[in-house]
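So the sequence lines, in the order shown, correspond to chains W and Y. Every letter in the first sequence is one number past the one before it in our numbering, and letter 50, counting from 1, is 50. Every letter in the second sequence is one number past the one before it in our numbering, and letter 60, counting from 1, is 60.
Fair warning: there could be bad hints in the mix.
Below, simulated EDC-like cross-link-like pairs (lysine to aspartate or glutamate); rule was C-alpha separation at most 16 Å, straight line [to be verified]:
1. W:125 - Y:72
2. Y:42 - W:75
3. W:48 - Y:43
4. W:64 - Y:45
5. W:125 - W:59
Hints in this document: simulated from the structure, not taken from any laboratory.
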Amino acid sequence: MSSTKLRAAQEEQDDDTEVDMSPMIDMVFLLLIFFIVNATLIIVEMDKKVQVPIARYSEKQNDKMGRIVVNVYSDEHAGEGRFRMADGKKVFADDEDMMDFIKKEKERWDGNGQKPRLHLRADGKVHFTYVRRVIRAAAAAGINEVIFVSLWSRNN
Amino acid sequence: MARHRRVTNLEEDKPKLSIAPLIDVCFLLLIYFLVTTTIKQKERDNSMALPSAAPSEAQPDIQPFFIKISNEGHIYANVGAAQELLDTEAQGAERTLPRLDQRLEIYAAAAKAGNNKPLVQVYVEAEAEQQVVSDVLNHLAKHDVTTVTFTDLVVQDDQHE
């Protein structure tokens, strides 16, 4: 009699050892969402209308902090604005406007304890005169380190 | 009796989460994203310090190397009477400028021997393309020249738009 009781108890125990997967899945999704949300914060946006030049000796983008992005468009896409912000939508009205933006960003990065740098995404076909205007605006805002963005090669 | 049995059966039917369809869907999504993803090339940095933006009082100990880029994309060394045509266009997929490369190598070696930081001044004409400027900067990066002055930053030469 006691042995059947024991067997019944053992069977019951076997039933209990099943792992419940649903909380684990919940946790995995939670972690996934957490990392997705965090990761998007430090991505440097790239507008694909700007075809940056090729440079073989350029370096990997290691530190994404402190970058003040300015896009310079070629004649083909300059219709809506030659100089635009990282998202490619907000257009700088004039050089003064650009300088103000760079100054504000510089103060923001300085406040965060990061070294502000100009992340210059100029199209390969753009005339240097426009690039120079951005460099000049950055200089006026007090930034002397310029990152000329490039690609290692172009795969068409 | 029969009614009692039905009740116990209901109690035993605990709702269980079936994992198999979830895994199916996950794999399906994974395959979909694998197929539709095009690998975007990562953009790279060519970082330069532009001392003209933050002028210093101290005179550099070394004579700077002067490069001129014309509207046509020709690369020259030096100015005035000493001006010398180096390269007319970048060569190959790697966009090399062989003569500029050679000159920079000599200059960088000389600077290193004298324990100086190599200094390069670049004068770019208004209509030169950014790709050509990038080619020159690329060669500077190759020889570890990270201090560049765009000499025309002070001159208001680009009022025509």
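Each hint tested on the structure:
1. W:125 - Y:72: The hint holds at about 12 Å.
2. Y:42 - W:75: Judged against 16 Å, a Cα distance of about 24 Å means the pair is violated.
3. W:48 - Y:43: holds, 11 Å
4. W:64 - Y:45: holds, 11 Å
5. W:125 - W:59: Roughly 21 Å between the alpha carbons, so the hint for residue 125 of chain W and residue 59 of chain W is violated.
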